[in-house]
Amino acid sequence: MLPGKPVFLLTDILIFVLVLGIVSFFAYAMRKPHLRQPWGQVVRSRAGVISMIVLAVYVAIALLDSLHFHPVLENPAADSTEVQYSGEVISVFDQLVSGLRASTEKTYSAPFSAHLYAKETVQQADGTRVRVYPRLAWGAAHLEEPHTQKTADILGLALTGALKAILVWAVLLVLWALYLSARTARAFPVAFRTLFDGHSEVPWRTVSMTLGVVLLVLMVGAEWASKYHVLGTDKVGEDVLYQALKSIRTGVVIGTLTTLLMVPFAIVLGIMAGFFRGWIDDVIQYLYTTLNSVPGVLLIAAAVLMLNVYMSKHAEAFASLTQRADMRLLFLCLILGLTSWTGLCRLLRAETLKLRAVDFVQAATAFGVGPMQTIFRHILPNVMHIVLITLVLDFSGLVLAEAVLSYINIGVDPTMNSWGNMINSARLEMAREPIVWWSLAASLFFMFTLVLFANLFADVVRDALDPRVSR
Amino acid sequence: MARTLLQVRQLTTEFRTSRRTLTAVNGISFEIREGQTFALVGESGSGKSVTALSVIRLLPEAARLVSGSIHFEGRDLLALPEREMRDIRGSGISMIFQEPMTSLNPVVKVGRQITEVLMRHQSMSAKQARERALDLLDAVRIPQPSYTIDTYAHELSGGMKQRVMIAIALACKPRLLIADEPTTALDVTIQAQVLDLINDLQEQFGMAILFITHDLAVVKQVADHVAVMKEGVIVEQSSNEVFFSAPQHDYSWDLFAALPAMEKRGKPLLERNHGSHWPTAANTTQDDTLQVRDLAVYFPIRKGLFKRTVGHVKAVDGVSLEIPPGKTVALVGESGSGKTTVGKSILRLIQPTLGEVTYQGMRLHEIDRSQLLEQRANLQIVFQDPYSSMNPRMLVGQIIEEGIKALNVIVDAEARRLRVLELLKQVGLDKDAHLRYPHEFSGGQRQRICIARALAVNPKIIICDEPTSALDVSVQAQILDLLNHLQARYGISYLFITHNMSVVAYFADRVAVMYQGRIVEQGEVEQVLGNPQHEYTKRLLSAVPRLVPPVRAA
Amino acid sequence: MIAYIVRRALYAIPILIGVNIITFLLFFVVNTPDDMARMFLGQKHVTEVQIEDWKTERGYHNPLFYNAGAEGLDSFKETIFYTKSLRLFVFDFGRSDSGRDISFDISQRMWPSLAIAVPQLLIGLLVAITFALLIAFFRATYIDYWAVVICVALMSISSLFYIIGGQFVMGKLLRVVPISGFESGIFGIKFLILPVLIGVVGGIGSSTRWYRTIFLEEMNKDYVRTVRAKGIAEQTVLFRHVLRNALIPILTGVVVILPLLFMGSLITESFFGIPGLGSYTIDAINRQDFAIVRSMVFLGAVLYIIGLLLTDISYTVVDPRVRLS
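Just so you know, the protein sequences line up as chains A, B and C, in that order. When we follow my numbering, the leftmost residue of the first sequence carries the number 1, and every step to the right adds one. When we follow my numbering, the leftmost residue of the second sequence carries the number 1, and every step to the right adds one. When we follow my numbering, the leftmost residue of the third sequence carries the number 1, and every step to the right adds one.
What the hints contain is simulated information worked out from the structure, not anything from laboratory work. One or more hints might be untrue.
The calculated label-pair distances, taken between Cβ atoms and stated as ranges, are [claimed, not checked]:
id, chain 1, residue 1, chain 2, residue 2, range
1, A, A350, C, F138, 26 to 34 Å
2, A, V268, B, V313, 40 to 48 Å
3, C, I5, A, R31, 25 to 33 Å
4, A, A350, B, D368, 27 to 35 Å
5, A, A162, C, F138, 49 to 57 Å
6, C, V169, A, A162, 32 to 40 Å
Here a beta-carbon is modelled for each residue, glycine too, at the ideal position from N, C-alpha and C.
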């Protein structure tokens, strides 16, 4: 299936395990009315559907970027008849945007620019040398006279993109309406009209509109990106849009895997402390108070410093730079999880303490139901909403934390694409005249969009799942 | 005849949520005259509290006054701007609420909460207001007003808090006092004092009272005029005398019929439930009696540097009683008397400190796990709160089945399923209930499910911990009928924990009166209720409002 | 009360021992001092002698737990565990890997940290509470709705953006304040304006939203209905009754971080060139100075525990219902 030899990075495996987990949870939840009901509420809220669509785009990119392989070497050594693979590791997403990946310039260039940011001495045809802004190797290379043609060209591309977007949008809507009319036995026009109904239970009009806007952005962006560096290039001439897109995976992995890795500890320890109390409670409380009392950033810093030492000592243990960076990413998730499980653990302990005194747990005791069964049947299902709320609430905080940590050099590997690394390297160029703003703006914008919609989604999910919020 | 003070015409109040509209009050009209006590009676959800909040215009945000008019001293309250309405609140119309525990600001001193209203409406100086607040605390019979005025709410008992609430409400001598279930959260002896107090103050201040309650006995004691509400509508308005001798409406008769009383012993409360006779009693050859001897439960008080135990809270302090087979023993007491702790420690849900519980020759607190499991099938429990006693994540079928499985009563899955269906039928629920979740059922139905769950393991004794006190009186009647029916059929004994004397009078064979962790008096129901010996029992019984329900001519 | 505080202080001892063990494991057991030396010296071809010198200079040459080469008690004393970890308990931080006296540095650098952190906290608290009260007053209106949306948007922006953007606009475009630097005394204020302002703006979204939730929760309680039934105006309800109750969770939430203010903010201080403990820590991390990081971890833990204790005490001060026992 992959155009090369697959590589399974640890974070790839974990993220697909997570996806599998989420899918099976929803498959299970759909059959249980009390689990389905709150999610129905999420789907019925406007903020809920908008953020779900936007987040889906981000997650899709992250997932495509998590299928790694060694590409086939295009010009293998002559004496070999077997297929040879390159040592480099790329992802399906890289393959999809191979144009962007390959189109490097010499150094900085502004968004949509046809010229380099810095003047260079160029030897002209007649032998004289002049200081000019040289043309870019790839950006706007198809134009003869960039300063006269560019505006029209950009508009033209936008129009093409918009038309494509409308076409795809229309096809999607028709297909969806067909499905609806088949399922609900309504005439097609009626079904089609419900997609623009502003007062239906599921806000269909919002869904259709959001979908349209997302498609428009994607298509126009793709059209522009095929001819220009939409967000400019960085110091070594790499396309900034490509970097920003590649950073999505890093953000999503940190936001999700961290919680995934810490949740089992928090659940087991939190419920044990609350249920068994006595010395078990004392020990677990001691454990999390101790861990909590170390300032989080310092614990992360100390752990990452130690990892640096370890990695420089065991450099041979990592097959490739990619794998090394991946290990560091996973380690960062682990250590972030270590500093954040205490909060969830404390919540779960408190909730378990409350639940074990509730009548239905007492009734189970009166039937002689054992502690393990009581925990699995009565406690765990009644605290799961807290776990889910934590999962979505923590996500945005973790994405933001990545940027800050990378800034202090205790985040992800410097070779890995991440918004934090982008900001970190762009920050140093703020003093230049004219200012190099695009790397910074791109990373901040991509991060802001993800975090904003994650926050909105978290709000909706919390309102739906938290029994204390009145409905 | 006194002048009309409050006139409500065609009042309709709705609750709007995003998906539906619920009409809580549906076009009701009534009048309250000066100095009159007007009782609004009804079961939960009938719209009586919403009526009260509509009058004082303090409805929650989701509620809307849709139509109608409210005239107070000739002014249309619904037409007043909020500013002028505020001038009326606390001075023309005052209100006291059901929950004295939460109705006072916890971080503001009690005195300040009284003087606030005086300074607001009577432009008193802080000093004058404080003097007046001391007078008011004295008037509501709070001992040591000069001390109490500088305390915080949590330092006062429930009855004291409600007195402070009354002091606040009466501070500006309102013409109308709205009392929304003012004694429901209080113990019966405290209730008697508070009702007495309200009565005296009414004479003193000459105000009218809109008294909202679900308790017909209280209505009989306090009201001049009675209005019965059902589903947002007033179905009957009568004077006290007429209502309690010959009520007009069928629903009023139903309410009276559902009231348990000594006179109704041995007969079902609701005729439509089980016919007029109990089924013939099963042979109760089982001559086992549960014996409780000198049971005591102490909770340690720890203090100081090393948390040494410096004393004990004696929740239960030497309780002895017997539960004979096929009989109902009532355990009566006010809140904090330790009655629930007795019930739970019999079941070993709480480990007792001293004493022993013997059943079928076994000391329940000494037997090992396997023997205990056997006994768990004999002893079961039904809880007070029908909402917290079932796991919301489990199907009703699974809930009922849990005990059968855990105690290996029936091993075969299909047989178990049939048993669950049979149990549902026995407690009067539909067969398909087993595939639904608890939240789909009403409070009374939930309590039936809980009874089915307890019955599932064929217990000999069920400990009923206030199983009807969270329920409306008509639902209570259904549950009591069901329990009677099951006892007659299976010879089950009940330890019936309650604070409700009329339930005891109707339902129990023997009664034990608990006070501060001890049983002060026990014996046959007729004997204890008819001729109480202990001082506390006498006090308790005299505090219970008396009501002999009218009997409908056949 | 005294007994309670003493007991809590005693309870801190096992926690600090735990922290100590964690740091010891992290810094000396996962990686040996040899590894650190190699890392620090950098080159591929380091001689054993160079490593030994590096270790001896910094006191890492001793064995970890037990020095077989020493006599009597000294066999425990002349170990890394004793010299580097146990000494922390008496706040003897020793010397940094680059040879400076850590305790002295800390005592010098905590003041600039406080100069930023304290005004930031106080102004932030004041502004957020004011906004939250306003929003609560207009609850369930469009003002409320959009205020919450703005709060969510504000808290979705990375703190790095606030700093970079703030420096760019205020310092570079408008040139109203210096971009970075620090000076003690009254003239130093011009250096404080920008970091304090940015800190306040950066935190406003999340804290306003949080306080709003607290206010609204409080406004749904029964006692508020009682106050309204007295005919009290809505502003008075908010200020005299709701605010006083809501301040309990807000203030006690602030108290826990009060001691940690000494530690300063890592990001703010390094961006604005403020010579506080935050930039001290960052520099240490970047220079891989393990001795300083170790000391800061321990100091942070102590301050956190003090914060917990202060929280408990503050409850008894602001909430009449709470008595310590």
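Status of each hint after checking the structure:
The hint said 26 to 34 Å for the Cβ distance between A350 (chain A) and F138 (chain C), and at roughly 33 Å that hint holds. Checked against the hint of 40 to 48 Å, the C-beta distance between V268 (chain A) and V313 (chain B) comes to roughly 34 Å, which is inconsistent with it. Our hint of 25 to 33 Å for I5 (chain C) and R31 (chain A) is violated, since their Cβ atoms are close to 54 Å apart. Our hint of 27 to 35 Å for A350 (chain A) and D368 (chain B) holds, since their Cβ atoms are close to 33 Å apart.
Here the CB-CB span from A162 (chain A) to F138 (chain C) is close to 40 Å, at odds with the stated 49 to 57 Å. For the pair V169 (chain C) and A162 (chain A), the beta carbons lie near 34 Å from each other, so the given range of 32 to 40 Å is met.
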